[in-house]
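If you use the UniProt record's numbering, the sequence shown corresponds to residues 1 to 1176, in order.
Worth double-checking, as some hints may not be accurate.
Claimed, not checked - Simulated restraints, written as ranges between beta carbons of each label pair:
(1) Arg764 / Phe725: 20 to 26 angstroms
(2) Asp56 / Ala165: 55 to 61 angstroms
(3) His891 / Asp1051: 18 to 24 angstroms
(4) Phe725 / Thr486: 38 to 44 angstroms
(5) Thr622 / Ile703: 33 to 39 angstroms
(6) Arg132 / Phe342: 54 to 60 angstroms
As the list claims (entries may be wrong) - Calculated pairs, SDA-like style, for lysine to any residue (alpha carbon to alpha carbon, straight line, at most 20 angstroms):
(7) Lys232 / Leu163
(8) Lys403 / Asp372
(9) Lys403 / His225
(10) Lys270 / Gly242
(11) Lys93 / Glu812
(12) Lys791 / Leu851
(13) Lys270 / Gly488
(14) Lys231 / Gln297
(15) Lys403 / His602
(16) Lys9 / His52
(17) Lys481 / Gly500
(18) Lys408 / Lys734
(19) Lys425 / Val29
(20) Lys411 / Asn400
(21) Lys106 / Thr95
(22) Lys681 / Ser650
(23) Lys159 / Pro26
(24) Lys681 / Arg747
(25) Lys188 / Glu228
(26) Lys232 / Ala268
(27) Lys524 / Gly145
(28) Lys106 / Lys734
(29) Lys836 / Arg858
(30) Lys159 / Phe125
(31) Lys343 / Leu391
(32) Lys159 / Glu228
(33) Lys403 / Met420
(34) Lys343 / Lys270
(35) Lys717 / Ala730
Treat the hints as calculated values from the structure; they're not laboratory data. All C-beta atoms, glycine included, are put in the ideal place defined by N, C-alpha and C.
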Amino acid sequence: MAENERTRKTVAITLRDSWTTTAVSPGDVAHISDLPHHKDEPSSSRDPPGQHTMSDDNASALLIVHPDHLLSATTVADSFDCIRKAVLQDRIKATGETSKPMVYGKILHEVFQQALSANQWDTAFLADVVTRTVQSHVEGLWELGMRDTVLATEEVTAKMGELAAWARIFVAKRPSEVSIVDDKQGEKVWMSVSKLIAVEEHVWSPRYGLKGNIDATVQSTVVDHPDEPAKKVVAPFEVKTGRTTQSPTHRAQTALYTLLLSDRYDVAVKAGILYYLESSTMSRIAPSALEIRQMVQQRNRLAAYIHRAKHPRPVEEQSDVPVMRSQEIEDSGLPAMLNDPFKCGRCYAQQSCFTYHAMVENGTSDSAGMIDDGKKNHSLVWSEAVGHLALSVKDRSTANALKTWFAKWDKLLTFEESEMSRYRKELWTMTSTEREAIGRCFGGLVLSQDLSSTASAVTQTVVDGIEGSGGRINRYAYVLKRALPTPGTSFAEGTQLTLGEPVVVSSERGQWALANGYVIAATKNDITVAVDRRLGNARQRLGGFDETGNHALQGIMTVGEEFSGAFTSSSASEVLYRLDKDEFSNGLALVRNNLVTLMSSHPIHTIVRQQIVLNGQPTFTTPSQLPTLPPSQLGDMNEDQRAAVSKVLSAQDYALILGMPGTGKTTTIAHIIRALLADNKTILLTSFTHTAVDNILLKLRHIAPPNSILRLGVPAKINQEVQNFCLLAATPRKSIEEIEQAYMGCRIVATTCMGTNHALFHRRAFDVCIVDEASQITFPTALGPLLLARKFVLVGDHYQLPPLVQNRAALEGGLDVSLFRQLSEEHPEAVATLGKQYRMCEDIMSLSNTLIYDGQLRCGNEEVARRTLVVGDMAGLQDLHRDAPTVCGSHCWLADVLAPSRKVVYANTDPIGVPASESLTSGKNITNAVEATLSVHLVLGLLRLGVPGRNIGVITLYRSQVALIRHVFKTAGIGPEVEIDSADRFQGRGKECVILSMVRSNEQGVVGELLRDWRRVNVAFTRAKSKLVVLGSRRTLVNNELLARFLGLVDERGWVVNLPRTAGEGHGFGFGSQATGTAPVPESTPSPTKRSGTRRQVSGSPCKIVPGGTSTRILQPSVSAGNRSPAKGGDTTRRGLRVPGKVVTGHSTIMRKGKAGALKEQLAMEIFEDLTADDF
1 MAENERTRKT VAITLRDSWT TTAVSPGDVA HISDLPHHKD EPSSSRDPPG
51 QHTMSDDNAS ALLIVHPDHL LSATTVADSF DCIRKAVLQD RIKATGETSK
101 PMVYGKILHE VFQQALSANQ WDTAFLADVV TRTVQSHVEG LWELGMRDTV
151 LATEEVTAKM GELAAWARIF VAKRPSEVSI VDDKQGEKVW MSVSKLIAVE
201 EHVWSPRYGL KGNIDATVQS TVVDHPDEPA KKVVAPFEVK TGRTTQSPTH
251 RAQTALYTLL LSDRYDVAVK AGILYYLESS TMSRIAPSAL EIRQMVQQRN
301 RLAAYIHRAK HPRPVEEQSD VPVMRSQEIE DSGLPAMLND PFKCGRCYAQ
351 QSCFTYHAMV ENGTSDSAGM IDDGKKNHSL VWSEAVGHLA LSVKDRSTAN
401 ALKTWFAKWD KLLTFEESEM SRYRKELWTM TSTEREAIGR CFGGLVLSQD
451 LSSTASAVTQ TVVDGIEGSG GRINRYAYVL KRALPTPGTS FAEGTQLTLG
501 EPVVVSSERG QWALANGYVI AATKNDITVA VDRRLGNARQ RLGGFDETGN
551 HALQGIMTVG EEFSGAFTSS SASEVLYRLD KDEFSNGLAL VRNNLVTLMS
601 SHPIHTIVRQ QIVLNGQPTF TTPSQLPTLP PSQLGDMNED QRAAVSKVLS
651 AQDYALILGM PGTGKTTTIA HIIRALLADN KTILLTSFTH TAVDNILLKL
701 RHIAPPNSIL RLGVPAKINQ EVQNFCLLAA TPRKSIEEIE QAYMGCRIVA
751 TTCMGTNHAL FHRRAFDVCI VDEASQITFP TALGPLLLAR KFVLVGDHYQ
801 LPPLVQNRAA LEGGLDVSLF RQLSEEHPEA VATLGKQYRM CEDIMSLSNT
851 LIYDGQLRCG NEEVARRTLV VGDMAGLQDL HRDAPTVCGS HCWLADVLAP
901 SRKVVYANTD PIGVPASESL TSGKNITNAV EATLSVHLVL GLLRLGVPGR
951 NIGVITLYRS QVALIRHVFK TAGIGPEVEI DSADRFQGRG KECVILSMVR
1001 SNEQGVVGEL LRDWRRVNVA FTRAKSKLVV LGSRRTLVNN ELLARFLGLV
1051 DERGWVVNLP RTAGEGHGFG FGSQATGTAP VPESTPSPTK RSGTRRQVSG
1101 SPCKIVPGGT STRILQPSVS AGNRSPAKGG DTTRRGLRVP GKVVTGHSTI
1151 MRKGKAGALK EQLAMEIFED LTADDF
């Protein structure tokens, strides 16, 4: 039994014939979709209403299980050989060295695509394309150890004769007598490629749970019989450059591409083309309904394994639901071993497969099937992979420690991974309007400007994104704007699509992932993205289009027409786009690979494993005299900084630097790097964010030797000043010699912790790795850079923000315990503490010094200790009372709070009464309208006193309160120079004056998860330099231990101001508390922690409701797939559209929860969402 997600009605799904082994469980999501080839054929038995039958009947629909797991067609095809390998490929992103077939394959693909796009096959043109394409892949050739491009050019050129001969026969308007290709069951057909529609087309299909990169989408002209007319049909064209021919995997991959193109173009694509360049053979792959069904069922099996691995069932449920044979998995969450020593012995996934079998499944060489026979000692392959871990020795303590550690962190990553998946499916289960409301999308966009025409690469042959650029993500740049002006909105504020954020460009009509890229600029009125594929109207249907025999589509090359290299139709601007945050780029597959790599036999990995897994004792030599260096822009070091540099230089294994707020961690790191350079060391510099990396590099601008710093990463994410003095890995280089000099000749390589999969790390290791923000990085993530150096230095402060963890089980299991924190607590002797701070005045410093740091913080000098907010004449505030003399009376609370002599003020909101209570806005987010209004008055007062807006910051721990304050500030006319953000966003920075809104205020004294996190509170308390104003409810905050101590401290020192009942009214600003009523937060209701007769109800609506009352289906039909003309006025109900498949969610009676339980769970989740919000 299942529930239709749109109608909420229960439906019955009957599985018959080959469908009976489908792995489904209560709670699974499934999608019912027609076979595109046979959707118009009558079924042998029509299902009654409310019932669906899956059978082997040709006209039977397909059941897609876990459709939100988009599996690549290549992965599904490979899984027929070994499903365990396919699951590993999805879960682990290995960073192994490249190979000659891989590099040459990329080169040959691009040569073919460029030649086909231009329809030029003469020797001179092909020679020029080969030269330029090989040139663009010099990095890959460098990885192979080549010294120049001569050999590669010769070997690729040698294949051009076969390619040109193939083109003379098969690239034509109509097939000739010799244009014969193999068809199914040994038959032959006449076929030619008459049009190129798209190159390297990237397709996501939630309809079939598939994705893929199709080498070329072509219009093929096919003649099945000499007496029949020719048909012009869309087909995927798959190019294989290796020697293998007639591979079942290749055929399955091509067949699955027909499903993807059927979905993309909204037409039945019945066959694909498989071309082997090496042998110049070509086949037409026309899968039958039976073959499609078998491949979809294999895709379902694979999706079930992956889902089970990412979402392990709770123990209490496992005994209630029988497990089918197709659902059985190992403790690792992986399918069982293949037990084929010959295949396993040469498998590319061998290292990760054997590691999981040994570490999590307690496997041996025998259970892995690696048993010696008379021909080969297969057990040696197992020993080379995991034998060094000594898992089979009598002393089991080390083996057990390794297994326990590995299993723990793998499980925690699995929990976190399960949380990521809920964001992924938002792309197609939520409209762009809904996702834009939560800051993860911009919808209703049109192309405003194509910046690609200004790029130098356009002088080359431009082929739908193939410029011989080696597949770079930022080949094309576009400016997008809203199709219809929307007052009050901005592309630069209130969104997660910030500068450098990875994005997915789709059409508003259901064509997903037309391009992937990054945000490179954003203003109020437009947003600029750099993407990997050309946007435009290549998919427009032309006159005479017929679904049965004439798939007339706009293309980028038509045989017989002059090649233009661009889309010519003027209607491209009519395509409506949506820009989504790329929820598929979380990188956990790369992080999981760090666990596998740590278990390898590499000498560096062995040392790191001993230190951090087996708790080895760090060692230090006797501190020596620090090197005498000439004066620099960094200035002199204080005693704490000198001790930190000395600690690093004397460390044999690792050193830890605890940098408390304002103590100059960045400057200290720069001093450390300077000393290491003087000692002739090579350095890998990493951090959690690009901003942190660049802040350190800016300190090194005039210190590091010229051309000694190589910066990895996408240019859109790198500070422009850094780009001016650092070598950029993204800069195209013309020769292998240039790459060798840049990659191997630099002294410092700088990147984020997620950037360690770059090619150069296969060729070199470093003397020292420095990780900044180490206390904010999860343990498995931090491993990546540590495995590349002989010694490491972690810099952080585990008394400030921990790693961001979004899954509650992962949080409770300790994923938020950073390696920095673990080592600091286990080995305090390895820690050098920076205690002299240069940010906060003494009063502000005393808060965290008393509450958190146990007196270790010290002001760097008297000037810092006495720092005072510089304001104009305080009498200027009296002018504000002319229009509201009765509000303040003889004593003005605003003047009292803003007095520069009061450097710390706790403004108690309790006297205001009920209006100062928190609310649930939009039915789910916690806000406090009065505190937002008070923040406005305080900031307007500061501005009136002459404090520059850039020196003022407003901080709150709740993202919903950030949005509310931004809105009321805009209403009050306060400009963006006054920064409003979360504590997370403010870490590492300070402002002269900070206003902190604590938000929580309720009769029951519930403080909430965010305020109970003392580390976030510590960050909030330590951002202000000369004045800190805290707005909050005493009766609520006193119920938390840390905040109660804070209240006692401010009471003791006379830093409390009890606000009057009328606070927030008057002051001549023309802005009172009632102004918050205009905020975009409707349905404000009392918090559930208040005594109120209103209880929030869990929504059960079957549809998503968008403004205007339009009901929108969960899975949108692709109205303009193949670009049918979009309906005017945004009408998505136009006749003739395909009907989307049904989305169903399985359930059983044992899975149901009561309303009270559901409400409690939802409320807990909403609070947790605030805790783990979108601050990164």
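Evaluated hints:
1. Arg764 / Phe725: 20 to 26 angstroms: holds (22 angstroms)
2. Asp56 / Ala165: 55 to 61 angstroms: Distance hint for Asp56, Ala165 is violated at roughly 43 angstroms.
3. His891 / Asp1051: 18 to 24 angstroms: Given range 18 to 24 angstroms: holds, Cβ gap about 20 angstroms.
4. Phe725 / Thr486: 38 to 44 angstroms: holds (40 angstroms)
5. Thr622 / Ile703: 33 to 39 angstroms: Because 27 angstroms falls outside the window, the suggested range is violated.
6. Arg132 / Phe342: 54 to 60 angstroms: Taking Cβ atoms as reference, Arg132 and Phe342 lie about 41 angstroms apart, which means the hint is violated.
7. Lys232 / Leu163: Since the Cα atoms of Lys232 and Leu163 sit roughly 23 angstroms apart, the hinted pair is violated (cutoff 20 angstroms).
8. Lys403 / Asp372: Given that 20 angstroms is the threshold and the Cα spacing comes to 26 angstroms, the pair is violated.
9. Lys403 / His225: violated (63 angstroms)
10. Lys270 / Gly242: Status violated; Cα separation ~26 angstroms.
11. Lys93 / Glu812: violated (26 angstroms)
12. Lys791 / Leu851: violated (34 angstroms)
13. Lys270 / Gly488: violated (48 angstroms)
14. Lys231 / Gln297: violated (31 angstroms)
15. Lys403 / His602: holds (18 angstroms)
16. Lys9 / His52: Holds - the C-alpha atoms of His52 and Lys9 are around 13 angstroms apart, at most 20 angstroms.
17. Lys481 / Gly500: holds (18 angstroms)
18. Lys408 / Lys734: Violated. Lys408 to Lys734 sits at ~46 angstroms, over the 20 angstroms cutoff.
19. Lys425 / Val29: OK: Lys425 and Val29 at ~11 angstroms, within 20 angstroms.
20. Lys411 / Asn400: With a Cα-Cα distance of about 16 angstroms, the restraint between Lys411 and Asn400 holds, given a limit of 20 angstroms.
21. Lys106 / Thr95: The given pair, whose Cα atoms are some 18 angstroms apart, holds under the 20 angstroms limit.
22. Lys681 / Ser650: Roughly 13 angstroms separates the two Cα atoms, so the pair holds.
23. Lys159 / Pro26: With a Cα-Cα distance of about 54 angstroms, the restraint between Lys159 and Pro26 is violated, given a limit of 20 angstroms.
24. Lys681 / Arg747: holds (7 angstroms)
25. Lys188 / Glu228: holds (14 angstroms)
26. Lys232 / Ala268: Given pair Lys232, Ala268 holds - Cα atoms ~13 angstroms apart, limit 20 angstroms.
27. Lys524 / Gly145: Given that 20 angstroms is the threshold and the Cα spacing comes to 48 angstroms, the pair is violated.
28. Lys106 / Lys734: At roughly 18 angstroms apart (the allowed maximum being 20 angstroms), Lys734 and Lys106 satisfy the hint.
29. Lys836 / Arg858: Holds - the C-alpha atoms of Arg858 and Lys836 are around 5 angstroms apart, at most 20 angstroms.
30. Lys159 / Phe125: Satisfied, since the Cα-Cα distance of roughly 14 angstroms is no more than 20 angstroms.
31. Lys343 / Leu391: Judged against 20 angstroms, a Cα distance of about 24 angstroms means the pair is violated.
32. Lys159 / Glu228: Violated, at about 36 angstroms.
33. Lys403 / Met420: Cα-Cα ~26 angstroms, so violated.
34. Lys343 / Lys270: Not satisfied, since the Cα-Cα distance of roughly 33 angstroms exceeds 20 angstroms.
35. Lys717 / Ala730: Cα-Cα ~12 angstroms, so holds.
Figure legend: structure checked against the earlier numbered hints; hints not met, in rising order: 2, 5, 6, 7, 8, 9, 10, 11, 12, 13, 14, 18, 23, 27, 31, 32, 33, 34.
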